[in-house]
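Undergrad: Got chain A sorted already, so can you dock chain B onto it with the hints?
So the sequences go chain by chain: A and B.
Under the numbering used here, the first residue of the first sequence is numbered 347, with each subsequent residue one higher.
Under the numbering used here, the first residue of the second sequence is numbered 222, with each subsequent residue one higher.
Rather than coming from a laboratory, the hints here were simulated on the basis of the structure.
Hints are not guaranteed to be accurate.
[To be verified] Listed next, the in silico DSS-like pairs over lysine-lysine satisfying Cα-Cα at most 27 angstroms (straight line):
| # | chain 1 | residue 1 | chain 2 | residue 2 |
| --- | --- | --- | --- | --- |
| 1 | A | Lys-493 | A | Lys-451 |
| 2 | A | Lys-436 | B | Lys-327 |
| 3 | A | Lys-438 | B | Lys-287 |
| 4 | B | Lys-327 | A | Lys-451 |
| 5 | B | Lys-315 | B | Lys-327 |
| 6 | B | Lys-327 | A | Lys-357 |
| 7 | B | Lys-431 | B | Lys-287 |
| 8 | A | Lys-367 | A | Lys-493 |
| 9 | B | Lys-327 | A | Lys-438 |
| 10 | B | Lys-330 | A | Lys-451 |
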Amino acid sequence: MRITLNVWRQKNAQDKGGFEKYDAPNVSEDMSFLEMLDVVNEGLISAGKDPIAFDHDCREGICGMCGFMISGVAHGPESGTTVCQLHMRKFKDGDELWLEPWRAKAFPVLRDLTVDRSAFDRIIASGGFVSVHTGSAIDGNAIAVPKPAADLAMDAAACIGCGACVAACPNASASLFTSAKISHLALLPQGQPERDRRAINMVERMNAEGFGHCTNIGECEAVCPKEIKIENIARMNRDYICASFKDRPAVARLAD
Amino acid sequence: MSSAASPACDCGPLGRFVSSSLGKKAIMAVTGFVMFGFVVGHMVGNLQVFAGDGGVKLNAYAAFLKNTPALLWGTRIVVGLSLVLHVWAAATLKRLSNEARPVQYKMRKDIQASVPSRNMFWGGISLLFYVIYHLLHLTVGVASPIAGTFSHDNVYGNMVASFQNPALVGVYVFAMIALGMHLYHGLYSLFQTLGLNHPGYMPRIRTGAKVFGALIALGFSSMPVAILLGAVK
Numbered sequence: 347m348r349i350t351l352n353v354w355r356q357k358n359a360q361d362k363g364g365f366e367k368y369d370a371p372n373v374s375e376d377m378s379f380l381e382m383l384d385v386v387n388e389g390l391i392s393a394g395k396d397p398i399a400f401d402h403d404c405r406e407g408i409c410g411m412c413g414f415m416i417s418g419v420a421h422g423p424e425s426g427t428t429v430c431q432l433h434m435r436k437f438k439d440g441d442e443l444w445l446e447p448w449r450a451k452a453f454p455v456l457r458d459l460t461v462d463r464s465a466f467d468r469i470i471a472s473g474g475f476v477s478v479h480t481g482s483a484i485d486g487n488a489i490a491v492p493k494p495a496a497d498l499a500m501d502a503a504a505c506i507g508c509g510a511c512v513a514a515c516p517n518a519s520a521s522l523f524t525s526a527k528i529s530h531l532a533l534l535p536q537g538q539p540e541r542d543r544r545a546i547n548m549v550e551r552m553n554a555e556g557f558g559h560c561t562n563i564g565e566c567e568a569v570c571p572k573e574i575k576i577e578n579i580a581r582m583n584r585d586y587i588c589a590s591f592k593d594r595p596a597v598a599r600l601a602d
Numbered sequence: 222m223s224s225a226a227s228p229a230c231d232c233g234p235l236g237r238f239v240s241s242s243l244g245k246k247a248i249m250a251v252t253g254f255v256m257f258g259f260v261v262g263h264m265v266g267n268l269q270v271f272a273g274d275g276g277v278k279l280n281a282y283a284a285f286l287k288n289t290p291a292l293l294w295g296t297r298i299v300v301g302l303s304l305v306l307h308v309w310a311a312a313t314l315k316r317l318s319n320e321a322r323p324v325q326y327k328m329r330k331d332i333q334a335s336v337p338s339r340n341m342f343w344g345g346i347s348l349l350f351y352v353i354y355h356l357l358h359l360t361v362g363v364a365s366p367i368a369g370t371f372s373h374d375n376v377y378g379n380m381v382a383s384f385q386n387p388a389l390v391g392v393y394v395f396a397m398i399a400l401g402m403h404l405y406h407g408l409y410s411l412f413q414t415l416g417l418n419h420p421g422y423m424p425r426i427r428t429g430a431k432v433f434g435a436l437i438a439l440g441f442s443s444m445p446v447a448i449l450l451g452a453v454k
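If we strip away everything but chain B, and leave its shape as in the complex, we get:
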């Protein structure tokens, strides 16, 4: 195809890849998967709140992370970078998408698209605000309702003190439902985006995405709800 080859930019193969919509989608898929991996680890670690030992195990786990800076900061850097790239790609693609249809339909019906798949952008925006609050609340410790009493060495105590507040539990559960839905479409979608599609596997991948999305939402929600109900104190 000697005729074509008019490059989109004079920026080398990487620049061309990143400037294309498919390249940005691939970045979203990979960074999304990295963050999914983090979320699984984060949930499994925190489920130690159910150990029934008044928080000894959970606080020891937190201290272990704190005393292993390579692991802690390595994770923070990789996940933080993934988040930045994910949000950047989403914002850039959303702008392209808005520009691609300047005149809206008076009527447009979705025939089969799932609710999560149609709300990835706004769901993602909600999750971004949630993550900011969550970091201020339980990592930095400057957000209400425990801004004054927050202790860097007592993860368990911070959680138990916070989740006596039903409104806060509501916010966390709502955010985890949003996360579960985001993961359902995201986990399925990343296979499609990276071209890892096979008619024999796709139904299983879709089911798997549903199961993982639900497990993450339930697993995380179980902690504030159990504390609110007094099952964990």
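Chain A with its partners taken away, still in its complex shape:
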């Protein structure tokens, strides 16, 4: 099959960037989307041109590295799939596609289709963890975890942090990501001691990174390759509102 690609090319963060047209004449329907780009890049390299830069790592749909917009949809037309697991059989011979990087102030473009998602790391660093005192491991069954809670926590923890939710949101909101990270700990007993502080810190970090607000339209859920539910956003909202009332400054801060 033959595919025409309009790809966003941008040399670096300062470059203005623009679309360039590429022809992919011999695409096999068994190729993944990234393999198709690999072939296009082979051609560019042998012609002495710069290959198209795109993020990728595991190519199994589980690492969260890959992702860009394919004709206006994050990770392309197949739902519940990362772009590395999207196959060319989902397209038709003669299709013309537009490839764009995630667009958000908090995700600056590094080069072509590659964006800097360090903002997500900083949100995690602000509270997406449980503090554990080191020492001998406790007994595995010492803390009872209800099965439904474990399942919901696991569903939320499936988030691979690819950034498609931000990319698909008209407000470039990181609510789905942040809420998934707040939820998977909030649902487990181990996450309770820091639950309020976590919600406040992670929400404030999310705001400080320059992501937009959530308007509950659900586009994030629709493109999420891990099918994270916006129910998590409601849980984040609930935890944040409750925490705003429950949270007290630490004793040390009161003494200041």
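TA: Quick look at chain B alone, frame taken from chain A:
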């Protein structure tokens, strides 16, 4: 989590709540619900235009409100304050949203978002202009088409005189469709925003929001349309 705790501002818990996007959304949800409550009461009261008594009941109801300043002004203050906070939060959040995506996509498709949910801001702006006109038209009585003949004691007469004008009826019906759509997404959305979400309830909440949005749009639109068609005179 002793490490974190770098507050967004030195303004106490309330200041931090209000300065966050979630806090502003919560304010929008609560104030929106207050205004929804007002809109229901306003519609039920005004539906007395259909009493078929030439406006006796409706005008008596208006006189009752006027003679109960605690109720009238209490409502005006609460609803007015809600409107101000709602618009302030919307404007602030919209600015954040615009700043969050400085470079637009060449192509961006919505996969499933409903039309009302995608047009909350511009729908809201339309409603704001409508509310200003509506107050000048039927509360203050200085806007056309009845600026000269407006009477503070004859609500029924003001309505009947106004809605002979098809263009005005069109404006009112259009505004009520916008209100119905705004309420559809708003009523559903407020549960999500306040964290009152449950997979067992959300489909019912969504249906309920649709029904209430449609009832408000139909209920309000029925009055100018009935007057235009001569069913109420």
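Undergrad: Indicate, hint by hint, whether the structure satisfies it.
TA: We went through each hint and held it up to the structure:
no. : hint                    : verdict
1   : Lys-493/A <-> Lys-451/A : 39 angstroms, violated
2   : Lys-436/A <-> Lys-327/B : 22 angstroms, holds
3   : Lys-438/A <-> Lys-287/B : 68 angstroms, violated
4   : Lys-327/B <-> Lys-451/A : 16 angstroms, holds
5   : Lys-315/B <-> Lys-327/B : 21 angstroms, holds
6   : Lys-327/B <-> Lys-357/A : 18 angstroms, holds
7   : Lys-431/B <-> Lys-287/B : 33 angstroms, violated
8   : Lys-367/A <-> Lys-493/A : 51 angstroms, violated
9   : Lys-327/B <-> Lys-438/A : 21 angstroms, holds
10  : Lys-330/B <-> Lys-451/A : 20 angstroms, holds
Checked against the numbered hints above, the structure breaks hints 1, 3, 7, 8 and satisfies the rest.
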